[in-house]
Each structure stands twice: as structure tokens, then as C-alpha cells.
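All chains, please: the whole structure from these sequences, using the hints.
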Amino acid sequence: MTINDLNTILPLVVLAGWSVVVLLADLWIPKDRKGWTAALSAVGLVVVLGLTLARGGTVQKAFFGTVLVDGFALYLDIIFLVGGLAGIALAYDYLKRMELERGEYYPLLLIAISGMMLMTYANDLIIVFLALELLSLPLYIMAGFARFNLQSEEAALKYFLLGSFASGLVLYGVALLFGASGHTDLPGLVNTMRAGTGNQALFLFGAALLLVGFSFKTGIVPFHMWMPDVYQGAPSPATAFMSVGAKAAGFAALMRVFVTVFPSLSDDLTPILWALAAITMVVGNVLAISQKNIKRLLAYSSIAQSGYLLMAFVPYANAEVSSDSIAAMLFYLLAYTLTTFGAWAVIIQMEQQERRGLEVADYAGLGKRHPWLGLAMTIFMLSFTGVPLTLGFWGKFYLFSTAVEGGFVGLALIGLLTSVVSAFYYLRVVVVMYMQPGDPPVKQNRWVNLTALLAAAVVVGLAFIPGSVLDLALQAVLQLQ
Amino acid sequence: MLADWTYIGIFILVALFVPAIAITFAAILSPRVPGTLKQSAYECGMESVGKSWIQYKSQYYIFALVFLVFDVEIVFLYPFAIAYNQLTLFAVLEVILFLLILVAGLVYIWRKGELEWA
Amino acid sequence: MIPLSWYLIFSAALFSIGLFGVLARKNVIGMLMGVELMLNAVNINLLAFWSYLYAGVNGLVFVAIVFVAAAAEVAVGLALIISIYRRKRTVVPDEVDGLRG
Numbered sequence: 001m002t003i004n005d006l007n008t009i010l011p012l013v014v015l016a017g018w019s020v021v022v023l024l025a026d027l028w029i030p031k032d033r034k035g036w037t038a039a040l041s042a043v044g045l046v047v048v049l050g051l052t053l054a055r056g057g058t059v060q061k062a063f064f065g066t067v068l069v070d071g072f073a074l075y076l077d078i079i080f081l082v083g084g085l086a087g088i089a090l091a092y093d094y095l096k097r098m099e100l101e102r103g104e105y106y107p108l109l110l111i112a113i114s115g116m117m118l119m120t121y122a123n124d125l126i127i128v129f130l131a132l133e134l135l136s137l138p139l140y141i142m143a144g145f146a147r148f149n150l151q152s153e154e155a156a157l158k159y160f161l162l163g164s165f166a167s168g169l170v171l172y173g174v175a176l177l178f179g180a181s182g183h184t185d186l187p188g189l190v191n192t193m194r195a196g197t198g199n200q201a202l203f204l205f206g207a208a209l210l211l212v213g214f215s216f217k218t219g220i221v222p223f224h225m226w227m228p229d230v231y232q233g234a235p236s237p238a239t240a241f242m243s244v245g246a247k248a249a250g251f252a253a254l255m256r257v258f259v260t261v262f263p264s265l266s267d268d269l270t271p272i273l274w275a276l277a278a279i280t281m282v283v284g285n286v287l288a289i290s291q292k293n294i295k296r297l298l299a300y301s302s303i304a305q306s307g308y309l310l311m312a313f314v315p316y317a318n319a320e321v322s323s324d325s326i327a328a329m330l331f332y333l334l335a336y337t338l339t340t341f342g343a344w345a346v347i348i349q350m351e352q353q354e355r356r357g358l359e360v361a362d363y364a365g366l367g368k369r370h371p372w373l374g375l376a377m378t379i380f381m382l383s384f385t386g387v388p389l390t391l392g393f394w395g396k397f398y399l400f401s402t403a404v405e406g407g408f409v410g411l412a413l414i415g416l417l418t419s420v421v422s423a424f425y426y427l428r429v430v431v432v433m434y435m436q437p438g439d440p441p442v443k444q445n446r447w448v449n450l451t452a453l454l455a456a457a458v459v460v461g462l463a464f465i466p467g468s469v470l471d472l473a474l475q476a477v478l479q480l481q
Numbered sequence: 482m483l484a485d486w487t488y489i490g491i492f493i494l495v496a497l498f499v500p501a502i503a504i505t506f507a508a509i510l511s512p513r514v515p516g517t518l519k520q521s522a523y524e525c526g527m528e529s530v531g532k533s534w535i536q537y538k539s540q541y542y543i544f545a546l547v548f549l550v551f552d553v554e555i556v557f558l559y560p561f562a563i564a565y566n567q568l569t570l571f572a573v574l575e576v577i578l579f580l581l582i583l584v585a586g587l588v589y590i591w592r593k594g595e596l597e598w599a
Numbered sequence: 600m601i602p603l604s605w606y607l608i609f610s611a612a613l614f615s616i617g618l619f620g621v622l623a624r625k626n627v628i629g630m631l632m633g634v635e636l637m638l639n640a641v642n643i644n645l646l647a648f649w650s651y652l653y654a655g656v657n658g659l660v661f662v663a664i665v666f667v668a669a670a671a672e673v674a675v676g677l678a679l680i681i682s683i684y685r686r687k688r689t690v691v692p693d694e695v696d697g698l699r700g
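If you're matching them up, the sequences are chains A, B and C in order.
Residue numbering for the first sequence follows the working numbering, starting at 1 and increasing by one per position.
Residue numbering for the second sequence follows the working numbering, starting at 482 and increasing by one per position.
Residue numbering for the third sequence follows the working numbering, starting at 600 and increasing by one per position.
Treat the hints as calculated values from the structure; they're not laboratory data.
Treat the hints with care, since some could be wrong.
With a Cα cut of at most 30 Å, we get these calculated DSS-like pairs of lysine-lysine [what the hints assert, rightly or not]: (1) B:593 <-> B:538; (2) A:158 <-> A:96; (3) A:295 <-> A:368; (4) A:31 <-> B:593; (5) A:158 <-> B:593; (6) B:538 <-> A:31; (7) C:625 <-> A:295; (8) C:625 <-> A:158; (9) A:96 <-> A:292; (10) A:96 <-> B:593; (11) A:292 <-> A:34; (12) B:593 <-> A:34; (13) B:593 <-> C:625; (14) A:61 <-> A:158; (15) B:538 <-> B:519; (16) A:368 <-> A:292; (17) A:292 <-> A:443; (18) C:625 <-> B:519; (19) B:519 <-> A:158.
Shown next, in the form of C-alpha cells:
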């Protein structure tokens, strides 16, 4: 390692170092001034965002080629860092209001983001595993952050057990790939695959285990059972952050590994991916219909979104379509991130002590009493459904059209039909907000409000220029290959 | 090869046989006069007080966890120590950085008061 | 010399035992032990591949990292379990010995 290596991953180094500094600084910050910790963390994130943007998307390798920085990493890092800022904005008031205020929340968030960023840099399966652990461990703790609440602790324990179980599967997959080829670095694996010298059975088995492990992390049916419980039990800001961060990082790893290494296994893997995507879309959307608790509803919705995202993977081996479909997926990830944070910002303002205010029925009258919040929530629900004039529409449009391009018309059709089904429960929230009388108590906070309104504005605003966003995503993909 | 194993086999047989003879003879020949002093544990430590299925303070486990983490992190120092002669100054700085991170963890625990046995 | 396949079969068996432990145990500590068995099985697998097929540092470094990551995971998991236990104790004072998750 030289100083150049450190310079290549400078944003990550700064972020990880800063998280330690904030953790220590917090020890001397008095109990009623935890806003300082939040502010310090936010400043760190802004600085790192600046460093990331300044470095740009030039391709650089470091640490003997185990780490690779490129446009793909840049695109996802921006999502993670902005997501981190939103995570802090959502958490501050909530933690204070629920009497959970402990400064550790913010350093944990920073560490989780470092893990996610490392995941986007990973060019070696060792780094993939390391990043997976680095991002998961803080999230387990954040899920259990409401220490006096048994539901939250149960959620944390469940998340921890299934998460470490998934890590074990990923790890076994990596070990088998190492056994098949003698390499853990992606270029080495690619060369072995091309030359056909490795043990094909071990390769296939290892790839399948990796897929299963990451399916657990990203919530793909049939590995989704933990998600509703964890989403419901964890404190809402933590749920918002993990539903975006863990999912995006999981898909980032899948993208890197599958698209670069496993195209030659597509005969075996494509039908499996097809089936997983289809079943995830169907199960997620159908189960969401009967949910009464808004957090559970969004959990099932998040499972369904994983299905849509996975759809982009199905034609991954078809070189002509794959870059388009992966770009569509990156686009969809952006839409998903913005919409999710916005929706959770509204939920957080609605949530009361003792977990009240979380039923869909509690949203009665929100549209009339608080028109701005109601409007924002409507936009998010429409964006999740994929109604035109929102970013979600373009996301689904690109995903479905690339699926058709790749020759998977049936899958696109399933996606379309399940989107229609999803309209049923998303629009029910809107109907309750506007059509039923009520006066929900809302705890307004300017940072949470800002997040909600900004997200709503961007979701609508970017919908007018989807082409340029897609161009950005396409550039990111071109550097991936 | 096989001969070596035979030696071990013979050794095991003898080791089993000799104490068996001694115990059998003692059981046959010795008089039986039991008493409380004779029944007590002899040179085996203190008589235990109370049940051992008591509950430990949960702080005990926190100590154990802290020890576990610091103990295992040391694994990274072994390769460093072995390759020390071939490494550059930069590697030394790296290890110092690594140790500083561990120290940060220690400072955190100290400030949180978990090192005080209260 | 013990053939490589023995190691692989052993580690696969250990992994399966761990898998079974995670899925079938009711006790949280038992599940945690299952996870640890899985990770250690992987370590054996890696070391076997490293020593029989691919000499180099890759395998060794990976094993060290897995080892440490596993310890960190255990620390977090046990801390969560202790935290739940502390709370449950205050709710159910009769439940003195043993952790029932």
C-alpha cells in the first residue's frame, strides 16, 4: 500500500476516519446537545460528497487491484451519501421525540455508509465480504436502537440472525469460487471463466450461494420472511435508511459480480433469475394488499420493488441489452431512493409515542389538514405505483422496455400486471388521506419536512428530464464493463 | 510405521492394566472405616458455597465481549510481525493507524464507564 | 497424506450442521452457534483449498478477515441478546437462569 492507494479511496478514508472522530467527540457532548453530533456527521457527509464529486468517475485501481473506483461507484456513492444526509435529517427529531436520543446513532450511520461505499468499490470477493459485514453490523444495532422497546430488540435480533446467516452463505459461495479458480479477485475469476479451466460445478454452486445470500439481504422472495417484522420493529428512521442502503448495496454487489464474472453461466442462472423476479413481484404486491400497518405495507412494497430491480438482471448475459437494462436498474434505484425517503419522512411525522399513528386508517384527513404533506405523500404513492409524471413511472418504463428488448415479454407483462395490483394498496392510502374525515396529530419538524418536500419536488422535477438521468446511469454502466 | 503404532498400543495396554491391578488390590485388602473427614474433598480447593447456577452480573458479559473483540483484532498483528523485516515505513504507519482505531474503541468504553467494576 | 476431498466433505458437513442449527434451534444462543459453525466450516474450506491447490496469500488473508469479522459479528449478536435478556429479566423476575429467546 502506498499513499496513492489511500488517495484513490480518499472519500472512503475520510468518511471512516470521521466516523471514529464523531464517535469520540460524542463522548464529550452533553446529553441535551446531541444535535451537535448530528450536525458533525452531516458536515462529514457533505465534505465526503464534495470529495467524491471532485474525484469524478475516472477509473482507478488501488490496493493491488482489489479496489476499483469508477463511474458506477460514483453514481451509487452519491445515492448513498445523499441517503445518509436524509437519514440524519429524519433521525434527529424522531430520536429526541421518542426519547431514544443517543449520539451513537450517527457514527453508526456513517460506518454503514462506509460499508456501502466500499461495496461499490469492490473488485475482489474478499472486499465484497468485508463491505457486507461493515454495512450490516451497524444496521443490526440501528434496528435495535429503541432499547426499551421489545419490538425493536426483537427486530434487531431477527435481522442479525438472518443477516449473519446470509453472510455465511455468501462466504461459502466465495470459498467455492476460490476453490474453483484459485482467485478471489474479479479479473482473475473472469479470466478463469473465459479460459474454461476452472471447475464448472463449483463455479455454478458458488454463484448460486452468492445469489441466495444476497437475496436474503435485498429481500427477494422466498428469502424475504424477515423483512416485514424487521421493518415494523425497527425505529422508523433506521428502517428508511436500511431499506434504501442495504438494498442498493446488495444490488450493487450482485451487479458487479454477476455482470462481470458470470455471463457464461447464464444458461443455468437466467431461468432462476426469471423465476425469482416474477415470484418476488407477485408475492410482494399481493401480500401488501391486506396490510393495515403502514410500516408493514411499505415493507411488502419494498419486497415488490426488489422484484422489479431484479428484473433488470434477467438479461444480464445478453451483451446488447445488458448495459441498457442495468442502466434502467440504476435509474430505478434512484427513483426508489427518493420515493422511499420521502414516504418515510411523512410516516415519521405521523408516528406518535408508543407506536401509535402507524395504521393506514390514522392517515384519515391528512390531505385536508396538512395539504403539503398530503400532496407529498400522494406523489410518493403515485411514484411507487408508476403513474406518469413521476420518476417511478420512468423507472418502470425503462425496466419493462429493456425486459421486452431482451426477449422477456412474459416477465414485463407480469411486472405490468403486478403494478396494476399495487395501485390498489398505494392508492388506498391516498383515498384515506383525502376522502375520510379526521384530524391526525402531526409532529412537524423542519428537517423532516424539508426531506419530504425536497424528495417530492425532485421526484416530479426529474420526471421531466428522464433522458439526462438515464444518460448518467448509462455512463456509469459503460465503465462497469 | 506399523511398529511405532504397536509400541503405542502396548503402552496404552500397560497404562490401563497397572492402575487396574492397584485399585483391585486396594479394594480387596483395605479395611473400611468411613468418616466425615475422609469423605471430604481432599486438596481439591475450597468447599463450594451455594449453587453454581447463579446469575452473573450482566456487566461480566460486557467485559467478556470487550475482551473478545480486542483479543481477536490482534490476529492482524501476527502477519505484520512476521513480515516486519521486509516492510516499508508506510506499513508501520498503517499498523499504528490500526492500533489507534483500537485505542479509540478503548477510550469509548472507558468514557462509557464500562471499565469500572461497580 | 489426507486427500483434499476429505477436508471438503468435512467442511460441507460442518456447514450443514451449522445450517441445521440455525434453522432448527429455538434458543438464540444455539442459533448463534450455528452461524459460527457455518463461518468456521468456510474457513476450513478456504484453508484446504489454499494449502492443496493455490499457494499464495489470498487464501490466508481471507481466512484472517473472516475470523475477525466472525468475532465482530458474535460481539454484536451477544450484545443484542444480553440487552434483551436484561429487559426481560425486569419484566419476568422468575425467569432467573437460562436465556430463552
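**Request:** Please name the hints from earlier in the document that this structure breaks, with their numbers sorted from lowest to highest.
**Result:** The structure conflicts with hints 11, 13, 14, 15, 18, 19, although it agrees with all the remaining ones.
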